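A.B. asks: Take a look at the letters that make up each chain.
2 protein chains.
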Amino acid sequence: MNNSTFLHHISNHISLTGKEEKLLLSKVRSREFLKGQVVAHEGEISKFINFVISGSLKSFHMDNKGNEHILAFAIEDWWIGDLGSFATQKPADYTIQCIENCELAQLSYEDLQILYTEIPQLERFFRIVIQKAYVFFQRRIIDNLSLTAKEKYLNFIKQYPQFEQRVPQYMIASYLGFTPEFLSKIRKERSIKRSKS
Amino acid sequence: MNNSTFLHHISNHISLTGKEEKLLLSKVRSREFLKGQVVAHEGEISKFINFVISGSLKSFHMDNKGNEHILAFAIEDWWIGDLGSFATQKPADYTIQCIENCELAQLSYEDLQILYTEIPQLERFFRIVIQKAYVFFQRRIIDNLSLTAKEKYLNFIKQYPQFEQRVPQYMIASYLGFTPEFLSKIRKERSIKRSKS
Chain E
1 MNNSTFLHHI SNHISLTGKE EKLLLSKVRS REFLKGQVVA HEGEISKFIN FVISGSLKSF
61 HMDNKGNEHI LAFAIEDWWI GDLGSFATQK PADYTIQCIE NCELAQLSYE DLQILYTEIP
121 QLERFFRIVI QKAYVFFQRR IIDNLSLTAK EKYLNFIKQY PQFEQRVPQY MIASYLGFTP
181 EFLSKIRKER SIKRSKS
Chain Z
1 MNNSTFLHHI SNHISLTGKE EKLLLSKVRS REFLKGQVVA HEGEISKFIN FVISGSLKSF
61 HMDNKGNEHI LAFAIEDWWI GDLGSFATQK PADYTIQCIE NCELAQLSYE DLQILYTEIP
121 QLERFFRIVI QKAYVFFQRR IIDNLSLTAK EKYLNFIKQY PQFEQRVPQY MIASYLGFTP
181 EFLSKIRKER SIKRSKS
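Protein chains in written order, with my numbering: chain E, 1 to 197; chain Z, 1 to 197.
No lab work stands behind these hints, which were simulated from the structure alone.
What you are looking at is a predicted structure, and each value in this text was computed from that prediction instead of being measured.
It is possible that part of the hints are untrue.
Claimed, not checked - Straight line, CA to CA, 16 Å or less: simulated EDC-like cross-link-like pairs of lysine to aspartate or glutamate:
hint	chain 1	residue 1	chain 2	residue 2
1	Z	K90	Z	E118
2	E	K27	E	E118
3	E	K19	E	E118
4	E	K152	Z	D63
5	Z	K65	E	E151
6	Z	K35	Z	E100
7	E	K188	E	E151
8	E	K22	E	E118
9	Z	K132	Z	D77
10	E	K65	Z	E100
11	E	K65	Z	D143
12	Z	K152	Z	E164
13	Z	K65	E	D77
14	Z	K27	Z	D111
15	E	K27	E	E110
16	Z	K22	Z	E100
17	E	K193	E	D143
18	Z	K152	E	E110
Let the hints inform the model, and build the full structure from the sequences given.
C.D. replies: This is the structure in structure tokens:
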């Protein structure tokens, strides 16, 4: 693993000593996954949280009709996992799956509890990371409640232009709560409008 | 303010010394608000986060058509605020308003930064509180994407039976993304079904 990517991300919020960095890295497990591979399964306890060194992933919930509902995407420098399952060590509501080949830096629940004791500043680090993720969800809930379907889509591609290139359209449709056909209709209308203007 | 309620809540996650408790309480501002009173306005910077000693509140976003979209409710022992605005000290997306008369314990942004330095354990406390709030939102997003309207309502009253008694129905409708008429229809169907069984 390229340690500098991970340590640089950590240093965005806290300053660790060389000794602390060494201890942290000793607990981080680097793993590679192939496109389509499942990193963590719904119904199983999430043992790891995952920091994305490279690649892209999705977390999704399967409803009882077998439909996949995408909760989140993640690319380089993002964290992904079922935080509810990880924090409580109860079965997960979400599956985490690779959209592209991925390299992940993983921290286990047990190791993170040790690290919280040994490097209390990590409490601050994760407080800030989780706070950002919370605000992101807060924004998403309000967008879901207050925007039209078209506004939701335009908002999404404005906020995350990189996803439009890297994530298949049917996944973006699932994330936005649309059918693939409906998203295709919105995109078509938009491209007609753009080519006319 | 009844300090013991607040300190008991803190002690759910961390153990403070007498000196730390005293310092923390010296920064907490106790305030009373009347039913309907606005605690923090959308568009203004959220200076405080609020812990509910008594009463109930809602946070909502007003869309450009003047419709109110409720993001969250809060009752005793819950925190409420626009965490995005509070954390970044940028204008709020949400208004926080009392549903009942309220007593709140408020912490200002500046004081919390001082407290994080003086009592680093508070990083842990808020990491856990925000983590729980994040998981709550995670659940809500998936419910919105994967449940039918009726399932959403039944889920809500099962999870938060206290809200059904204390919060007007039109607010519950707004929270669930329904019109009040639609919620009324679901409730009617349910009561017919229950009286038949």
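A.B. asks: Hint check: K90 (chain Z) vs E118 (chain Z), CA-CA at most 16 Å. Holds or violated?
C.D. replies: It is violated: about 25 Å lies between the C-alpha atoms, which goes past 16 Å.
A.B. asks: Is K132 (chain Z) close enough to D77 (chain Z), meaning Cα to Cα at most 16 Å?
C.D. replies: Roughly 13 Å separates the two Cα atoms, so the pair holds.
A.B. asks: With the threshold set at 16 Å, check whether the alpha-carbon distance from K188 (chain E) to E151 (chain E) stays at or below it.
C.D. replies: The given pair, whose Cα atoms are some 15 Å apart, holds under the 16 Å limit.
A.B. asks: Has the given pair, K22 (chain E) with E118 (chain E), been kept, meaning a C-alpha gap of at most 16 Å?
C.D. replies: holds (12 Å)
A.B. asks: Check whether the Cα positions of K27 (chain E) and E118 (chain E) lie no farther apart than 16 Å.
C.D. replies: Between K27 (chain E) and E118 (chain E) the Cα gap is close to 12 Å, so the pair holds against 16 Å.
A.B. asks: Would the pair K19 (chain E) and E118 (chain E) pass a check requiring their Cα atoms to be no farther apart than 16 Å?
C.D. replies: Holds, because 11 Å separates the two Cα atoms, which is no more than 16 Å.
A.B. asks: Could you grab the alpha-carbon distance between K35 (chain Z) and E100 (chain Z) and see if it respects the 16 Å cut-off?
C.D. replies: holds (4 Å)
A.B. asks: Check whether the Cα positions of K65 (chain E) and E100 (chain Z) lie no farther apart than 16 Å.
C.D. replies: Violated - the C-alpha atoms of E100 (chain Z) and K65 (chain E) are around 40 Å apart, more than 16 Å.
A.B. asks: Are K65 (chain E) and D143 (chain Z) close enough, with their CA atoms no more than 16 Å apart?
C.D. replies: holds (14 Å)
A.B. asks: Given the hinted pair K152 (chain E) and D63 (chain Z), is their Cα-Cα distance within 16 Å?
C.D. replies: holds (13 Å)
A.B. asks: Taking 16 Å as the top limit, are the C-alpha atoms of K152 (chain Z) and E110 (chain E) close enough?
C.D. replies: The hint is violated at about 35 Å.
A.B. asks: Hint check: K27 (chain Z) vs D111 (chain Z), CA-CA at most 16 Å. Holds or violated?
C.D. replies: Holds, at roughly 6 Å.
Going down the numbered hints, you'll see the structure goes against 1, 10, 13, 16, 17 and 18, while the others check out.
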